[in-house]
Every structure is written in structure tokens, then in C-alpha cells.
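> Here is how the chains run, residue by residue.
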Amino acid sequence: MKLYTDRGNFNSLKVIAALEFTALPYSVTECGLEDRVVPYLSAPKLPVLEVSPQRFLFSPNSATRYILNKKSEEDDPNIDKWLEWESVQLQPYVVRYLVSVIVQKKPDLESLSRIQNLLKFLNAELKSKSLTKIKDCAADFVLWGSLFPLFRGTAELKGWESQYSNIKSWFNGVDSLPCCQTAQSKVIPQSDTTCLKASLNAQPLPLLETETRSEEPAQKPKTQKNKMEKPSELPPAEESLLAKEATPEEIQAAKESWRAGLSKCPKPRQRKHPILPKSGERNLLITSALPYVNNVPHLGNIIGCVLSADVFSRYCQLRNYNCLYVSGTDEYGTATETKAIEEGLTPQEICDKYNKIHTEIYQWFNISFDKFSRTSIPAHTKIAQDIFVKLEKNGYISKDGLEQLQCQQCLRFLADRFVEGTCPLCGFDDARGDQCDGCGKLLNAVDLLNPKCKVCNGIPQIKSSNHLFLDLPKVENKLKSHLDAQFKKGIWTNNAKVITNAWIRDGLKPRCISRDLKWGIPIPLEGYQDKVFYVWYDAPIGYISATASYTDQWEQWWKNPKQVELFNFLGKDNVPFHSVIFPSTLLGADDNFTVVNHMSATEYLNYEDTKFSKSRGTGVFGHQARETGIPADIFRFYLLYVRPESQDSSFSWDDLQLKNNSELLNNLGNFINRALMFVSNSFGGEIQQMKLTEEDFHLLALVNRELITYIENMEQIKLRDSIRNILSISRLGNQYMQANQPWVLVKGSEQDRQRAGTVVSLCANIATLLSVLVQPYMPAVSATIQHQLKTPPDCNVIHKELVCRLPPGHKIGKPSPLFEKIETSKIQEMKKKFEGKPAPQKATANASSGNPQEVQKLTDEVAAQGNIVRELKAQKAEKAVINEEVAKLLALKKRLTAMTGEPVPAGGKQNSKQAKQENKTPVKVNNGKEDSQEVERLTEAVNKQGTLVRDLKSQKAEKSRIDSEVAVLLDLKRQLAVAQGQDPEALTGGKGKKGKKK
Amino acid sequence: MEELNNLASYLGVSLGKLVLDAKEKVPVLKAGNGLTVRGLVSVAKQIVRQSESPELKGSSTEERAAIDQWLEYRVTQVDKSLQEKDVTNVLKETNEYLSHHVYFVGYQPTLADIILYLGLHRIFEELTFVEKQKYIHVCRWFSNMQSLFADKMSKKHLVFQRNKIFSGTAH
Numbered sequence: 001m002k003l004y005t006d007r008g009n010f011n012s013l014k015v016i017a018a019l020e021f022t023a024l025p026y027s028v029t030e031c032g033l034e035d036r037v038v039p040y041l042s043a044p045k046l047p048v049l050e051v052s053p054q055r056f057l058f059s060p061n062s063a064t065r066y067i068l069n070k071k072s073e074e075d076d077p078n079i080d081k082w083l084e085w086e087s088v089q090l091q092p093y094v095v096r097y098l099v100s101v102i103v104q105k106k107p108d109l110e111s112l113s114r115i116q117n118l119l120k121f122l123n124a125e126l127k128s129k130s131l132t133k134i135k136d137c138a139a140d141f142v143l144w145g146s147l148f149p150l151f152r153g154t155a156e157l158k159g160w161e162s163q164y165s166n167i168k169s170w171f172n173g174v175d176s177l178p179c180c181q182t183a184q185s186k187v188i189p190q191s192d193t194t195c196l197k198a199s200l201n202a203q204p205l206p207l208l209e210t211e212t213r214s215e216e217p218a219q220k221p222k223t224q225k226n227k228m229e230k231p232s233e234l235p236p237a238e239e240s241l242l243a244k245e246a247t248p249e250e251i252q253a254a255k256e257s258w259r260a261g262l263s264k265c266p267k268p269r270q271r272k273h274p275i276l277p278k279s280g281e282r283n284l285l286i287t288s289a290l291p292y293v294n295n296v297p298h299l300g301n302i303i304g305c306v307l308s309a310d311v312f313s314r315y316c317q318l319r320n321y322n323c324l325y326v327s328g329t330d331e332y333g334t335a336t337e338t339k340a341i342e343e344g345l346t347p348q349e350i351c352d353k354y355n356k357i358h359t360e361i362y363q364w365f366n367i368s369f370d371k372f373s374r375t376s377i378p379a380h381t382k383i384a385q386d387i388f389v390k391l392e393k394n395g396y397i398s399k400d401g402l403e404q405l406q407c408q409q410c411l412r413f414l415a416d417r418f419v420e421g422t423c424p425l426c427g428f429d430d431a432r433g434d435q436c437d438g439c440g441k442l443l444n445a446v447d448l449l450n451p452k453c454k455v456c457n458g459i460p461q462i463k464s465s466n467h468l469f470l471d472l473p474k475v476e477n478k479l480k481s482h483l484d485a486q487f488k489k490g491i492w493t494n495n496a497k498v499i500t501n502a503w504i505r506d507g508l509k510p511r512c513i514s515r516d517l518k519w520g521i522p523i524p525l526e527g528y529q530d531k532v533f534y535v536w537y538d539a540p541i542g543y544i545s546a547t548a549s550y551t552d553q554w555e556q557w558w559k560n561p562k563q564v565e566l567f568n569f570l571g572k573d574n575v576p577f578h579s580v581i582f583p584s585t586l587l588g589a590d591d592n593f594t595v596v597n598h599m600s601a602t603e604y605l606n607y608e609d610t611k612f613s614k615s616r617g618t619g620v621f622g623h624q625a626r627e628t629g630i631p632a633d634i635f636r637f638y639l640l641y642v643r644p645e646s647q648d649s650s651f652s653w654d655d656l657q658l659k660n661n662s663e664l665l666n667n668l669g670n671f672i673n674r675a676l677m678f679v680s681n682s683f684g685g686e687i688q689q690m691k692l693t694e695e696d697f698h699l700l701a702l703v704n705r706e707l708i709t710y711i712e713n714m715e716q717i718k719l720r721d722s723i724r725n726i727l728s729i730s731r732l733g734n735q736y737m738q739a740n741q742p743w744v745l746v747k748g749s750e751q752d753r754q755r756a757g758t759v760v761s762l763c764a765n766i767a768t769l770l771s772v773l774v775q776p777y778m779p780a781v782s783a784t785i786q787h788q789l790k791t792p793p794d795c796n797v798i799h800k801e802l803v804c805r806l807p808p809g810h811k812i813g814k815p816s817p818l819f820e821k822i823e824t825s826k827i828q829e830m831k832k833k834f835e836g837k838p839a840p841q842k843a844t845a846n847a848s849s850g851n852p853q854e855v856q857k858l859t860d861e862v863a864a865q866g867n868i869v870r871e872l873k874a875q876k877a878e879k880a881v882i883n884e885e886v887a888k889l890l891a892l893k894k895r896l897t898a899m900t901g902e903p904v905p906a907g908g909k910q911n912s913k914q915a916k917q918e919n920k921t922p923v924k925v926n927n928g929k930e931d932s933q934e935v936e937r938l939t940e941a942v943n944k945q946g947t948l949v950r951d952l953k954s955q956k957a958e959k960s961r962i963d964s965e966v967a968v969l970l971d972l973k974r975q976l977a978v979a980q981g982q983d984p985e986a987l988t989g990g991k992g993k994k995g996k997k998k
Numbered sequence: 001m002e003e004l005n006n007l008a009s010y011l012g013v014s015l016g017k018l019v020l021d022a023k024e025k026v027p028v029l030k031a032g033n034g035l036t037v038r039g040l041v042s043v044a045k046q047i048v049r050q051s052e053s054p055e056l057k058g059s060s061t062e063e064r065a066a067i068d069q070w071l072e073y074r075v076t077q078v079d080k081s082l083q084e085k086d087v088t089n090v091l092k093e094t095n096e097y098l099s100h101h102v103y104f105v106g107y108q109p110t111l112a113d114i115i116l117y118l119g120l121h122r123i124f125e126e127l128t129f130v131e132k133q134k135y136i137h138v139c140r141w142f143s144n145m146q147s148l149f150a151d152k153m154s155k156k157h158l159v160f161q162r163n164k165i166f167s168g169t170a171h
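Taken in sequence, the protein lines are chains A and B.
The opening position of the first sequence corresponds to residue 1 in this note's numbering, with each subsequent residue numbered one higher.
The opening position of the second sequence corresponds to residue 1 in this note's numbering, with each subsequent residue numbered one higher.
If you are wondering where the hints come from, they were derived from the structure by calculation, not from laboratory data.
Here a beta-carbon is modelled for each residue, glycine too, at the ideal position from N, C-alpha and C.
Treat each hint with caution, since some may be false.
No more than 16 Å apart at the CA atoms, straight line, and that leaves these computed lysine to aspartate or glutamate pairs for EDC-like [stated by the list, open to error]:
#1 B:Lys57 / A:Glu209
#2 A:Lys70 / B:Asp86
#3 B:Lys30 / A:Glu73
#4 A:Lys393 / A:Asp136
#5 B:Lys25 / A:Asp591
#6 B:Lys57 / A:Asp591
#7 A:Lys71 / B:Glu62
Quick partial rundown of chain B residues pointing at chain A, CB under 7 Å, derived from the structure [to be verified]:
#8 Val41
#9 Tyr107
#10 Lys156
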């Protein structure tokens, strides 16, 4: 062990005493007063014990105790107590008093009186003559060391021995130990405490508890608010970007491009529909994952695919690439079918309804699809069937009987997503039929352990049915060679590569592409006509059919792999379908299809610190964004600013406010508005002659550097990074204005006035550049800027250098502010509005206490519905009719459980018990009358017990008491359920709905 | 006080009589057998002692000493940092320390982490996103601790950004 200390540090007394006492080997290193030993502490705090190399104990008390514990271990609460007392209460005043006496020579009476009080307390506690039961323990050395300078030498408290007799006898006992004598002689020779002066002066003063503490909270909100609003809080504003160096080459290039003017700069290409690939050009086909039709997309979905693809597509247009952006709604599958039954519509009507909602949302967000299609169009069916026929012909389709789960109660084959159970691979409890959320592996529903029907919680049985499989192992080689090449050439986000590689590494297996459903594409094969395609087989084909509904020459895009580059934008959960299954389908069809070349997969976007949740109402969903009153462009900007590019990120209102107010309002908006106002007010709205100086070219060089990085980032689909380039350019502009102060120049000589004209005209040209660069992100804002600047239409192209777009003499329009400040009150309102219910149980618990009548009403309804069901069953009514009534009953019960707010336990252990109870039910069900009495009795009992529990809860009774009453209530409920002929488990309702699609 | 009660219920310890010394504003626990424990740290340690979570105490003499010193840091530095410069100091020091450590002591959460988490909560509540990014290491630790303890200790969840959202320069 190594002790670092400065000379004459009284806190080393205790440590050295302990070291001497234990006789453990140690060395002392004397430090200078300013030496910092512990790298992470800001003050040169000493003494410090280095326990082992680079492991420090910077608390002398902990060090002392550690040393003693090395010799013989204790864990005595009394020692804790004394050490804490010393460090929190005694030490701050001892140090202050010693400083006042030894350094300032003017005793601090306040500290003295505090010390007197503390000593009084210690004296009283020392009645038993020792601090703890352990002799010569850490507490003894610690207190001895701290009190020593008060009891000896110049700072000695007069008369302490007579005043505190208990302390006296204890202190002298410790003091006379040989180890303490040695420590003294080392730290304070001859008990002359004046030698402590230098160290006292240099060591940081221990902090004091201040009296103002209780008043503190009242002041806090104020200071915080100030912080938020002070622009000086933001680090970017403080840093001078203008001061950065530019190389002579960069400056030379800036000069040349400025002088060359528009001559080298391309003109924007007119987009004429239909857009078709052209040979010798970059032809980009951009797709964004098809949103599933019956979910309203939330902000995370929007940034995940459509918005990201939109930005990229707009950028490509500005670069004059020949590009086409298609997407559409994915409409087939079980989920739609179920939703249709729920809402009492046909699947087609459901799709029409939701497709409209989607379309409106994307319109509001200003997503510029070249075609937003749907998968329920005839062209889609035709193409999907054609591809299948080709696959079949080429031998990539295999047939097999498939073990499938059929629910005995719902009387149908269960789609993967309607089965839940334990994952056979990782043991995760809540695995879905198609994928395990625990380990992320894809599953076959029949492999699930303990499968359960998600609708009725019944246990499904395995039945056999014939199905078609896409023979992935057979395509594997083709797929691998395609992917290997594209991984090298193309732009793939890391997650897309990793997920794809993991899939292929795990080995590809034949994948079933047929389903026993009605709402889907019929399979054009003898013997399978009553089946439809699996939705993930046909969904990506939606890209092709969308193109086909855009132009009848779609094959130029889709059967042209040599000339077309295909970009897929999607969320990471969709990667395998786009990188493995869809490419395999196309490669297997072997018809010269265009197969994915680039893939940009986003991670997840969270809402504040939690997930977006439809059922809880947490987070902003597409249609709600409009209702916030915040412009779509602000949402677009912020979503792209936090785009979950390489890791999950979150949408935070506070942050949105900060970004809007600091970046858009104070930086970008401020620069453009300032420049334009100047041109407008001081120069009559006319762009002036620009005589550029070296300083101006330096600025241009720096702007060009940002511009080039902007392009590089965009080409790599790093949409977030490009925003920073835009903001850096406007920051440069602001600093350039600040440095040149045109508002001063304009009042000066003619020469100064000319200079002012140059500065603001150059700024107006930079504003023009910015209006183009922000266009992919904020199309409406871009249009407003261009309107204010009256920019020529030719400027809408991104060139790698800044050129003069607004020549001298150009008249600009009327400037007005581009952005509005978002106030904190607004943010608070938004936070509250979209916070959702904290958690399902809590929310319902609140509801319950308010509405006893409501509960009663529901309970009655449940009883009535129960009777209907029993009667129908007794009459042997049609199965379908019974099922319908049962469904109603279940829904009612769910509501009732939700309202009473009692968590109903769900768990494996109870299953067997309940199964037994279930066996008894048929007997009871047949005795209609007796049964209904029983039901009534039980219902009443449940109600009574429910009230009791709620009362207890509101009175905040003891937890154990409440628990036992809740247990009684649950038991009653179970009995009631059994009496009503229902599976008691059904009361638990579905587990939290998963927001995932398919 | 509330912290200690929450800690006790989290660890499943039934506390004896816990009161607040009116004059000194120090929690005092009468733990039975004539044992009186004074002070936040001492009571917290006593709670752990009575609990069935010995892993919170540290697994070696050295770890126990390190835990002690960080507990002391809480009551002597964190709790007494009321002025901005002191708060900044605490953030700087912890941030620096945690740039090389996952937890304050050893390789799993200890009482030091819990007590510092509880103590730092009031400071973190006030931080802006800019500051959170500045003290990224201690924020990472805090966010980790909050996922472990916030609900159990009835502490409000604070929001942390997982991306770097501010940058002075683009390069």
C-alpha cells in the first residue's frame, strides 16, 4: 500500500496510525500541495491511499477502516455511524476552525460553537468510555485524528479536558497508543500544529450544509427556464467556425468556381412522367417498406421508411439522377381479415378506409411518392401469380403436408400471429407464432411449447394440411453470390448486413408461402385453389405492382438489373424479408429481375423514454401530428435529426423544442431572415455588386467543404449527418455577418457601403444554397425561402460548389420570419396529451374508484349475456351464432375486469387447477336455473368484495391485508366464471397487444 | 427518509423505528437490541446488513472500503453541492470516474450505486440535454441505474438521449 500525502496534513494522522497499528507494509510518498494523485478528482485532495496500482481510496476515513479491516474484518454499524458523523458533521467545522486559527489567525466563532455542540454530543455518547465494543477500531483512530489538532497545539480548545471528561479519558487512551505516537511525530512533530498551515491552505474546504436548502426548490424552475432560453447555453454558438483553416487549394477552387459562375453548373432536369430508366445514367429505384394497412403509422414508422426514402428521393432529384420512388399499403393477410370482422366490414372496405387514412397522413407529411399503390389491385395479383408460376416451373416450390395448429374453440387454423407460447430455442415465455421477441429467431408455430390461441386462450391442436414452400436452400447459392457482390458494392446499413448474415449463417430452410385464408391472392395451382399466398410472399411484390400501376413499361425498371439500382428503405424488423426471402423469390423466378442493391434499415424510435403504444395512447400517431399545430416540416426536420440511424433513438418534446428554437429559429431562420432583411431594408431589395475579398473566399471555401460533405453523407444515406452540414453552413453565415457587421458599414463611407452590399449579397446567395440543401428535409420551408428570394427555378440542383445564383440587380421579394418559437407551455401541453395512460392496470384502478355504478351495470350485463349463451347452448343453436354471443360475453367480461382494476393472475401453475374446474362446468351449465341463482349470488359476492378491496386501497390499509382480500376476490371471480360456464383464464384477456405487423 | 424506506421495502427488510432527528436533520434508526444508527449512509448499510442481498455490500475488503468512500462522497459532496460550481464539480468527477467503470465499485451494482443514484437524481432532473451529452459517462450509468432501480425506489424516470445530438463542428 502506498500513501500519498502532502506535508502537515492532519487527515493523514488517522491513516498512518492505522498503518502503524496493523504493522502492514506501506510506503509514504510526499506530494506537493498542488499535486493531483487521483485522476478523476478535480481538486488535489490528500491524503490518498493507493490500495493497488491505480486503485485509490481518497477518503481518509474509508482508508483507515480498510487498513484495519485487512488485519481483522468487522462490519459494525456503530463504526459506520461514527465515521459518517465525523465526515458529515465534524470535519467541515474542524477544518474551518483550524483554517481560521492557524491560517487567518482570527478564530471563527461560528465554527467553534458548532464544534462545542458536537463535542457535547460526543461526550454524552462516550458514557461507556468507548465509542464501540471493538477496541482500537477505525472510529477511534478517525476521531482521534480529527480531534487531535483541537486538543493539542496552537488551536487547542481551552478547558476541553474539564468540560468533556468522557472525551478526555477516551482520547488520552487512544493518544497514548504507540501507533498514534508514531503518526503524530510523522505528521505534527512536537505537537506543533502551526506546521499544518500550508496544507490547510491548499486543501479544498469540505462543503457545508447550507440553511437555504429548503428555499432552494422554489427558485429552481426559474433558473432552469433561463437556462433553456439562453442561447449562450448552446455550445455551437460559442465556437467560431469561421476561424477554421482552409487550404490554399480549397480557396483556389472556391475562387474558380465563383468566377466560372453557372457555366459548369448543370440545370435541373425536368421530370416527365412516366420516368423510365435511361441507359448511361444512374437509374435509381427507391422503395419504402409497405406500411401495413390497418395500423395508423406513428412517428417511428414514418421516419423508419417513408420519410427517409422521401428525403433520399428528393435529394436524388436535386442531383439530377433518374429516380423513381414507389410505395403503397400492404393489405392482405389475417390481420385485415380479423379487423374486418371486428368492424363489421368486408376486408376490401377495411383496406379502402385505412388506405385513405395512410394517404392523407403521408400527404400531410409532404411525402412525394411517384406512386403510392396498394396490394389489393389486380395488377398485383397477376404479377404475384406470374412469379409463382415461374418459381414452380423452375422447381423452387416444394409441397408438403404441414402440421398446423387448429383452435378447437375458434374452429379455424390459427395464423402464426394468433398463437403464443414458449420459445423452443430460448425459453422466452411470450414468443409469437412466427417470431420470438426474446431471441429474434423466426419460428414455426407448431414448434412452440405450450401453444395458446391468442383469441380465446384455448389450447390448439395440431392438424395436417397441404402447403407450398419456397425452397430457400435451393436458391441459397444464387442468393449468396448476389448478396456478396452487393455488400461490397452497395450501401447497406450495418444492421441490414448483420441480420442478413445471421440468417444465412443459421441455414436457410424451406419457407411456407401458402395460408388457409380467404383474404389474399389465390394460389394458381391445382389442389391449392382454396388457399392464398402468405402475406410476406406477396408484400414486397407490391413494389413491382406499384411500378406496374405507375407505368405499363414497368419491366424497364424491374427486369433491368444492369441499369437499375434498387434502394430499399425499411425498419430493421423487416430486413430478412427484403434481403433473403424477396431476393430469393426473384432469383428463383429467374426472369432477369432487378434485385436489391442497397438497403437502409433504421433502428427503432422510442417515444420519450418509452415505446410508442397504440393501446396506451402513448406517442404521436400520424393523424395526430397535424392536430398539434406544429408544421409538418418541423416534424420532418426533428425526426430526421434524431433518425435512428445506427442505434435506437427517441422522440422527445423537450428536445424538439430545443432543436426548433436553437437550430431552426436562432441559427438557420435567423441567418436567412437577417440577410434578406438587410438586402430589403438597406438596398431596396436588390442584390449588389460583389467584390469578394480573400476573407470572403475563405468563407466560400469553408461553405464548399460543408457542401461536399453534405453530398458525401447523402450518397451514403447518412441523412442525419447532412443536416449538420446544413446547420454548419448557416452558422458560418451568421458568424460571417457578425464579423463584418454590415449594419455598421452601411452607415459609413461609400466604400464601406459597397462592402456591406457585398457581404449581404453573398449571404443572400448562401441563403439560396441553403434553400436547396434543406429541400429534401423541409420542402415547404425551402419553397418559402425561395419565394422570398425570388430565386430562379434553375437553382434547384445540388452542385458540389457554391455558385452565384442571384446576380447583381436581382430583386428579392418580401422577407418574413421562417420559423416560430415553440413555447414551453406548448411543449408541456403536448407531453401531457401524448403521454398516454401510465400503465393499463393503474389506469383502470383509477376508473374503478370513480364508477361503482358502471361496474354494477357491466356485471349485470355479463350475467345477462351469460344466460343468453347458456340458453343457446341448451337449444343446440348453430355454432356460429353461439360463437358470436360468446365473443360478446368475453368482451363484456374483459371490460369488467378492466374496470374493477384487479390484476387477474395468469400463470402456468394455475392451469392444471383450472383445467379441473373446467371439467366440472358442463354439469353445471345444463342446470340452467340453479346456475343462474348461483351466478347471481356470486356476482353479488364479487361486487361486495370488490368494494371492500377498493375501500381498503383508498384507506391505504396494510399491504398484507389488501393482498389477502384481493385473493378472496379473485377466487370469487374464478368461481363466478366457472358458474357462467367460462374458462376463468379468459378473464385475463389478451396480453399487451404487440404493435408489430404480421 | 423516503429513500431509506423505499430501499428497505425494495430489499424486503422491515425497518424498526426510523425517525428524523429534528435538529440535525439526520435519519435515526432504532434497530433493536439497543442499537441506534444515525445517518443516511449508516442506516442504508444497516438495511443491507439485514437484507438478503449481501452482494450489495461488496465482495472483498477492498470493495467494501471503496463502497464506503463513495457512500461518504454522497453525503459529503453530492448532498452538500447546492451551488452550481459544486454541482458541476460532482458531475465532472463522477463522469470522469465512470468513463472507465461500469459501476462505482466492482462489476455489479452495489449499495454505492443505489445511494449515489438516489442522491444524484435531484441534480440530473435539472440537466439540459446539452449537459447530459457533456457528462455522457455518468449519464450512461445513471440511465442504467434508473432502469434497475427507478420503479423500485419510486423515482421519476428521466429522459436520456442515446445519440449524440449536439456537435460543435461537423468534422
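> Would the hint linking lysine 393 of chain A and aspartate 136 of chain A be met if the CA-CA limit is 16 Å?
violated, 92 Å
> If you draw a straight line from the CA of lysine 25 of chain B to the CA of aspartate 591 of chain A, is it 16 Å or shorter?
violated, 81 Å
> Is the shortest C-beta separation between valine 41 of chain B and chain A less than 7 Å?
holds, 5 Å
> Would you mind confirming whether the straight-line C-alpha gap from lysine 57 of chain B to glutamate 209 of chain A stays at or under 16 Å?
violated, 27 Å
> Taking the least C-beta to C-beta distance, is lysine 156 of chain B closer than 7 Å to chain A?
violated, 10 Å
> Would you check the hint for lysine 57 of chain B and aspartate 591 of chain A, treating anything up to 16 Å between C-alpha atoms as holding?
violated, 68 Å
> Does tyrosine 107 of chain B meet its interface restraint, that is, does its C-beta lie within less than 7 Å of any C-beta in chain A?
This hint is violated: tyrosine 107 of chain B lies away from chain A, its Cβ roughly 14 Å from the closest one there, beyond 7 Å.
> Between the alpha carbons of lysine 71 of chain A and glutamate 62 of chain B, is the straight-line distance 16 Å or under?
holds, 12 Å
> Assess, step by step, whether the Cα of lysine 70 of chain A is no farther than 16 Å from the Cα of aspartate 86 of chain B, and give holds or violated.
violated, 34 Å
> Can the restraint linking lysine 30 of chain B and glutamate 73 of chain A be considered satisfied, given a maximum Cα separation of 16 Å?
Violated, because 24 Å separates the two Cα atoms, which is more than 16 Å.
When each numbered hint is compared with the structure, violations occur for hints 1, 2, 3, 4, 5, 6, 9 and 10.
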